[in-house]
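Participant: Residue numbers (this note's numbering), protein chains in the order written: chain X, 1 to 230; chain E, 231 to 640.
Heads up, some of the hints might be wrong.
[Stated by the list, open to error] Now the stretches of chain X that chain E is said to cover, found in silico as 3 or more residues with beta-carbon under 8 Å:
#1 38-46
#2 50-63
[Stated by the list, open to error] Beta-carbon label-pair distances, calculated as ranges:
#3 E:Arg639 x X:Glu134: 31 to 37 Å
#4 X:Gly114 x E:Arg252: 29 to 35 Å
#5 E:Ser543 x X:Ala208: 42 to 48 Å
#6 E:Pro604 x X:Arg139: 35 to 41 Å
#7 E:Asn236 x X:Ala142: 31 to 37 Å
#8 E:Lys576 x X:Gly114: 32 to 38 Å
#9 X:Arg139 x E:Arg252: 45 to 51 Å
#10 E:Arg252 x X:Gln143: 44 to 50 Å
#11 E:Ser543 x X:Ser116: 32 to 38 Å
#12 E:Leu254 x X:Gln129: 56 to 62 Å
#13 E:Arg251 x X:Gly114: 31 to 37 Å
#14 X:Gln129 x E:Arg251: 36 to 42 Å
#15 E:Val508 x X:Gly114: 40 to 46 Å
#16 E:Trp247 x X:Ala208: 42 to 48 Å
[Stated by the list, open to error] Just some of the chain X residues that point at chain E, by a computed CB distance under 8 Å:
#17 Tyr13
#18 Asn95
#19 Val99
#20 Leu125
#21 Arg126
For the record, the hints were derived by calculation from the structure and aren't laboratory data.
No residue lacks a Cβ here, since even glycine has one placed at the ideal position from N, Cα and C.
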Amino acid sequence: MSTISCSDLCKYYQQGDAVIKGLDHVSLEIEQGSFICLSGPSGSGKTTLLNAIGGLDSLDSGEISIDGERVDLLGKAALADLRLYRIGFVFQAYNLIPVLSARENVEFVMQVQGVSAAERKNRSLRILQEVGLEGMEDRRPAQLSGGQQQRVAVARAIVSQPKLVLADEPTANLDSASMEKLMEHFRELNRVHKVTFLIATHDQRVMAWAERRISMEDGRVTRDELQQIR
Amino acid sequence: MAMPLNALSVLAWRNLWRNYRRTLIMLLAIALGAWAMIFMTALLRGMVDDMVRQGIAALPGHLQLHAAAYRDDPSVTHSFPAPDRALLGVLGGEQATAWTSRIKVPAMISSEYENRGVTLLGVDPGGELALGFKPEDIVEGRFLDAADDPGVVIGRKLLQRLETRLGKRVVLMSQDPDNAIAEGGFRIVGVFKAELGSREEGIVYAGRDVVQAMLGIGTGVSEIAVLGRDYQAPEPLVAAIRAVVPADREVLSWLELDPYLATMMRVMNGFVLVWMVVIFLALSFGLVNTLMMAVFERVREIGLMRALGMRPSAIVYQILVESAMLLALGLLTGNLLAIATVIPLKDGIDVSVVSQGMEMMGASSVLYPVLLWPDLLLANVVVIVLGMITSLLPAWRAAQYRPVEALSRT
Numbered sequence: 001m002s003t004i005s006c007s008d009l010c011k012y013y014q015q016g017d018a019v020i021k022g023l024d025h026v027s028l029e030i031e032q033g034s035f036i037c038l039s040g041p042s043g044s045g046k047t048t049l050l051n052a053i054g055g056l057d058s059l060d061s062g063e064i065s066i067d068g069e070r071v072d073l074l075g076k077a078a079l080a081d082l083r084l085y086r087i088g089f090v091f092q093a094y095n096l097i098p099v100l101s102a103r104e105n106v107e108f109v110m111q112v113q114g115v116s117a118a119e120r121k122n123r124s125l126r127i128l129q130e131v132g133l134e135g136m137e138d139r140r141p142a143q144l145s146g147g148q149q150q151r152v153a154v155a156r157a158i159v160s161q162p163k164l165v166l167a168d169e170p171t172a173n174l175d176s177a178s179m180e181k182l183m184e185h186f187r188e189l190n191r192v193h194k195v196t197f198l199i200a201t202h203d204q205r206v207m208a209w210a211e212r213r214i215s216m217e218d219g220r221v222t223r224d225e226l227q228q229i230r
Numbered sequence: 231m232a233m234p235l236n237a238l239s240v241l242a243w244r245n246l247w248r249n250y251r252r253t254l255i256m257l258l259a260i261a262l263g264a265w266a267m268i269f270m271t272a273l274l275r276g277m278v279d280d281m282v283r284q285g286i287a288a289l290p291g292h293l294q295l296h297a298a299a300y301r302d303d304p305s306v307t308h309s310f311p312a313p314d315r316a317l318l319g320v321l322g323g324e325q326a327t328a329w330t331s332r333i334k335v336p337a338m339i340s341s342e343y344e345n346r347g348v349t350l351l352g353v354d355p356g357g358e359l360a361l362g363f364k365p366e367d368i369v370e371g372r373f374l375d376a377a378d379d380p381g382v383v384i385g386r387k388l389l390q391r392l393e394t395r396l397g398k399r400v401v402l403m404s405q406d407p408d409n410a411i412a413e414g415g416f417r418i419v420g421v422f423k424a425e426l427g428s429r430e431e432g433i434v435y436a437g438r439d440v441v442q443a444m445l446g447i448g449t450g451v452s453e454i455a456v457l458g459r460d461y462q463a464p465e466p467l468v469a470a471i472r473a474v475v476p477a478d479r480e481v482l483s484w485l486e487l488d489p490y491l492a493t494m495m496r497v498m499n500g501f502v503l504v505w506m507v508v509i510f511l512a513l514s515f516g517l518v519n520t521l522m523m524a525v526f527e528r529v530r531e532i533g534l535m536r537a538l539g540m541r542p543s544a545i546v547y548q549i550l551v552e553s554a555m556l557l558a559l560g561l562l563t564g565n566l567l568a569i570a571t572v573i574p575l576k577d578g579i580d581v582s583v584v585s586q587g588m589e590m591m592g593a594s595s596v597l598y599p600v601l602l603w604p605d606l607l608l609a610n611v612v613v614i615v616l617g618m619i620t621s622l623l624p625a626w627r628a629a630q631y632r633p634v635e636a637l638s639r640t
């Protein structure tokens, strides 16, 4: 069964007299448990596609279904629930809540989900250890480096084990070792828990981890190919 | 899924102190607003209470019994016999705490230099004292000893107007039931002071028996004044007395005898609410501005929370919790400030510089703030309820951001 089905997605932006093509008739089928990289230059539509699939942005036309449910037809509350329970986001900028500590940021989604305090603590400490932030749990984002903040954001995205992770440049601020560790973690989640990963990246090293690579340009899919898994 | 309140509270509390200067200024504004609401209400309550107290003391009594036509023509022709057994039964019963009968007629008082129109009260001194005449209000000489005391007690101002003094004789002149002149000579045995200058200038106390004899009305009286247990609820006692007196008698509570006072009492509650709402309106601009600024500064975070699965309603709750905390802290400070201001003023505020104006309203020149728990509660409820309603605008604005647009804000 297809996890994500995108059919003829169009999203245009008006910029002065010019029309920018965010998504231009994009159609995709993404199987459950896929590990996919979206590549392409800046402005090619990678982030727009992730936002559309995650229900963060509306479409001008086209249909998106996740597990058979039409995302483009959902209301605000239903979209919020979809994101809360089924999708993990890693944003281009780290996007942490500045008044919460690293652990509290990681716990945020679980807190909204209503997970018990003990369970939240247990899972957040474990995931922070896995992303190499042991001992930094109580630091606020301002007390963490860019790479550390990105790892907190990644931990937040995967801690509640969503079925789909949408990651926009997740390794942008990570050194090679951290990047390797993070990608290993992603792959493990993908293999063991069948979590679907859709990662937008410029990083060739990240692309090497993907089993399927989708290239975009000017809002269009220019290449969609399977590749040898690293 | 709604976010648990404790989690929203943690977020709201921390967000509140991100810009602590702005929060402190807003807290100060709310505290001062609450203080102004509570303290000014206590002053107003004190003034109205004083007006009612003075009004009841001036009548006197919580209710009065007259001949039906007496109030239109308060002359001796509208006197009536002393209380009979049935009326005495009610007056000596559970509901009445004190009573007295008096003759109250218009009269002319003359000294060797001046004369004045006054109200002559023929009283039983024991009854007057029971109804609230204070012995300490006698500033010279003494009060009447008994109903047959041949002296008179006059007010301080009247003494000055008549250019006379304690111990001198005055002549009191009125009309008997046949409209013939009835007069008598009296020695001034005492001088009293009163909160209201009009009382000092317009009331003359003489012995009841002496006045009855002078007017030739036997044991007749003009009015019976009665004190009940609760001045705010005189109706049961009025009904009990009405049931035992003839139909040509009029039994009226102080609320009917002094409609101005009764209206003041009724208007007071509405005025307090209007006063509180007006102060809140001034506050609300600051509150909305603070919350709007807080929302504008956190658009990106709000977008993030929405992106992570927080429903728009949860965003509304978060802003409302933040507003509730701000209001609660401000109110707590304002309440403490108001209580701390009222307690040291329990012995009264001397407003004698505006005593004439106060007197015109029927209030005395010492203002006693009256802090009532219902007023305190009302001020807090007004601020919380209107504050939360006012906060709905910034909260609604915050919930309307589209995640993708909010996240792209820098």
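Participant: None of the hints should be skipped; say for each whether it holds.
Facilitator: Now for the hints, and whether the structure bears them out:
Counting residues of the stretch 38-46 of chain X whose CB lies closer than 8 Å to any CB of chain E gives 0, which falls below the minimum of 3, so the coverage claim is violated. Requiring three or more residues with a Cβ within less than 8 Å of a Cβ of chain E, the coverage given for the stretch 50-63 of chain X holds, as 5 such residues are present. Distance hint check for Arg639 (chain E) and Glu134 (chain X): the Cβ-Cβ separation is about 33 Å, which falls inside the suggested range of 31 to 37 Å. Distance hint check: the CB atoms of Gly114 (chain X) and Arg252 (chain E) are about 33 Å apart, consistent with the given range 29 to 35 Å.
For Ser543 (chain E) paired with Ala208 (chain X), a C-beta distance near 43 Å keeps the hint of 42 to 48 Å intact. The hinted window of 35 to 41 Å between Pro604 (chain E) and Arg139 (chain X) is violated, with their beta carbons roughly 50 Å apart. Separation of Asn236 (chain E) from Ala142 (chain X) is about 24 Å and departs from the stated range, judged on CB atoms against 31 to 37 Å. Checking the proposed 32 to 38 Å range against Lys576 (chain E) and Gly114 (chain X) shows it is violated: the Cβ atoms sit about 52 Å from each other.
The hinted window of 45 to 51 Å between Arg139 (chain X) and Arg252 (chain E) is violated, with their beta carbons roughly 26 Å apart. Checked against the hint of 44 to 50 Å, the C-beta distance between Arg252 (chain E) and Gln143 (chain X) comes to roughly 23 Å, which is inconsistent with it. A hinted range of 32 to 38 Å is violated for the C-beta pair Ser543 (chain E) and Ser116 (chain X), which are about 23 Å apart. The hinted range of 56 to 62 Å is not satisfied by Leu254 (chain E) and Gln129 (chain X), whose Cβ atoms lie roughly 39 Å apart.
At about 36 Å, the CB distance of Arg251 (chain E) to Gly114 (chain X) agrees with the hint of 31 to 37 Å. The supplied range of 36 to 42 Å is met by Gln129 (chain X) and Arg251 (chain E), whose beta-carbon atoms lie about 39 Å from each other. Judged by the Cβ atoms, the range 40 to 46 Å given for Val508 (chain E) and Gly114 (chain X) holds: they are separated by roughly 43 Å. Take Trp247 (chain E) and Ala208 (chain X): their Cβ atoms lie about 46 Å apart, and the range 42 to 48 Å holds.
Checking Tyr13 (chain X) against chain E: minimum C-beta separation of about 11 Å lies over 8 Å; hint violated. Interface restraint check: Asn95 (chain X) against chain E, minimum CB-CB distance 5 Å, threshold 8 Å, status holds. Hint on Val99 (chain X) holds. Least Cβ distance to chain E is approximately 4 Å, under the 8 Å limit. Annotation: interface hint on Leu125 (chain X) violated; nearest CB of chain E at approximately 18 Å, more than 8 Å.
At about 20 Å, the closest approach between the beta carbon of Arg126 (chain X) and any beta carbon in chain E exceeds 8 Å, and the interface hint on this residue is violated.
In summary, the numbered hints that this structure violates are 1, 6, 7, 8, 9, 10, 11, 12, 17, 20 and 21.
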